[in-house]
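Residue numbers (the numbering used here), protein chains in the order written: chain W, 1 to 153; chain A, 1 to 153.
Keep in mind that a hint or two might mislead.
Since copy identity is lost for identical chains, a pair holds within one copy or between any two.
Claimed, not checked - Below, a list of computed lysine to aspartate or glutamate pairs in the DMTMM-like style, where the Cα atoms sit at most 25 Å apart:
{"hint": "1", "residue 1": "Lys131", "residue 2": "Asp76"}
{"hint": "2", "residue 1": "Lys26", "residue 2": "Glu63"}
{"hint": "3", "residue 1": "Lys131", "residue 2": "Asp87"}
{"hint": "4", "residue 1": "Lys129", "residue 2": "Glu80"}
{"hint": "5", "residue 1": "Lys131", "residue 2": "Glu91"}
{"hint": "6", "residue 1": "Lys122", "residue 2": "Glu77"}
{"hint": "7", "residue 1": "Lys29", "residue 2": "Glu63"}
{"hint": "8", "residue 1": "Lys26", "residue 2": "Asp142"}
{"hint": "9", "residue 1": "Lys71", "residue 2": "Glu91"}
{"hint": "10", "residue 1": "Lys129", "residue 2": "Asp82"}
{"hint": "11", "residue 1": "Lys131", "residue 2": "Asp82"}
{"hint": "12", "residue 1": "Lys129", "residue 2": "Asp76"}
{"hint": "13", "residue 1": "Lys122", "residue 2": "Glu80"}
{"hint": "14", "residue 1": "Lys101", "residue 2": "Glu91"}
Bear in mind the hints are in silico, worked out from the structure with no lab data behind them.
The lines below spell out each chain.
2 protein chains.
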Amino acid sequence: MNFQFVSPFLTSILNVLSTMASLAAKHGKPSYKTSATACGDVSGIIGMASEQAKGTLAVTFTEPVALEITKRMLGDELTEIDHTVIDMVGEITNMVTGGAKSLLSEKGYRFDMAIPSVISGKNHVIHHKSKVPVILVPFHTDAGDFFVEICFE
Amino acid sequence: MNFQFVSPFLTSILNVLSTMASLAAKHGKPSYKTSATACGDVSGIIGMASEQAKGTLAVTFTEPVALEITKRMLGDELTEIDHTVIDMVGEITNMVTGGAKSLLSEKGYRFDMAIPSVISGKNHVIHHKSKVPVILVPFHTDAGDFFVEICFE
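Put together the whole structure using the sequences plus the hints.
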């Protein structure tokens, strides 16, 4: 796993949340994901591929964080994960990956983005079938925590 | 949505299940996915991308079908979705996409595959954030039904 692939994603998610939702987030220490620990209620997931590399990004939110970001981005005070929240998570996943793609292309790394998917369902877990270790990064906000998982081969 | 992208995936999944699990499956009529109807317990999902096209494939199994395929592929009589089942779903997702990639390349369509992910969690739902409609294909086996969702832009 190449750590230089990780940093542009962290920069990008902090940018997106700050710009779109006026939400300050702080990331904890990245670690190798040893067990399926990032359990959440709504996740955005997107594949990245090129001839040189392939990877996947997943952003997993618990319900309170997803609702708070939706409120800050759209002004909607929702009480459960509905299509508005799902669209918002898809949009964030897309924007974060687009931002990272642009930062990585400056370093000479190029990839194409697949179509983002959003998973909903209480306490689901994402497992990446990668030959290399998955990097797990916890993020903290005043509304709660969320997780970013990145793998690149 | 281009229907000629769909048929190689259907051929490929029937091949994989027949070869690897000696399981005969029959697909129902493909339709546009209008609401999030493909609800299941374990799903494989993989992104595909190239300069010309981007897409996502998801295969969603209920627990009984996933356990039956695992039993037929590996001989393991399991009673719940564990890491063996999750690995098997990731492997099937990879093989189906690899098979479809090979069939599509014969037609002149090329894409790179991202890293497959597997989602576990009772009754989760996958939403594809595509600009084009998602094609939903139900499959029937003696062990139960499963669903394939394909979108390509």
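Against the structure, the hints:
1. Taking the shortest alpha-carbon separations for Lys131 and Asp76, only the inter-copy value of 23 Å comes in at or below 25 Å, while the best intra-copy value is 41 Å.
2. In the homo-oligomer, the alpha carbons of Lys26 and Glu63 lie at most 25 Å apart inside one protomer (18 Å), although the nearest pairing across protomers, at 38 Å, exceeds that limit.
3. Taking the shortest Cα distances, Lys131 and Asp87 sit within 25 Å of each other only across copies (12 Å), while inside one copy they are farther apart (31 Å).
4. In this homomeric assembly, Lys129 and Glu80 come within 25 Å of each other (Cα to Cα) only across copies, at 20 Å, whereas the closest approach inside a single copy is 30 Å.
5. Taking CA atoms no more than 25 Å apart as the test, Lys131 paired with Glu91 passes between copies only; the shortest distance there is 12 Å, against 28 Å inside one copy.
6. Proximity of Lys122 and Glu77 under a CA criterion of 25 Å is satisfied intra-copy only: 20 Å inside one chain copy versus 27 Å between copies.
7. For a Cα distance limit of 25 Å, the shortest separation of Lys29 from Glu63 inside one copy, 23 Å, qualifies, whereas the shortest one across copies, 35 Å, does not.
8. For the identical chains of this complex, Lys26 and Asp142 are intra-copy neighbours only, at 10 Å inside a copy versus 50 Å across copies, given an alpha-carbon limit of 25 Å.
9. Taking the shortest alpha-carbon separations for Lys71 and Glu91, only the intra-copy value of 15 Å comes in at or below 25 Å, while the best inter-copy value is 39 Å.
10. Within a single copy, Lys129 and Asp82 get their C-alpha atoms only as close as 29 Å, which misses the 25 Å cut-off; across copies the closest is 14 Å, which meets it.
11. Proximity of Lys131 to Asp82 under the C-alpha cut-off of 25 Å is restricted to the inter-copy arrangement: shortest distance 19 Å between copies versus 34 Å within a copy.
12. Only between protomers do Lys129 and Asp76 lie at most 25 Å apart by alpha-carbon distance; the minimum there is 20 Å, versus 36 Å within a single protomer.
13. In this assembly of identical chains, the alpha carbons of Lys122 and Glu80 lie at most 25 Å apart whether taken from the same copy (11 Å) or from different copies (18 Å).
14. For a Cα distance limit of 25 Å, the shortest separation of Lys101 from Glu91 inside one copy, 15 Å, qualifies, whereas the shortest one across copies, 27 Å, does not.
Taken one by one, the earlier hints all hold for this structure without exception.
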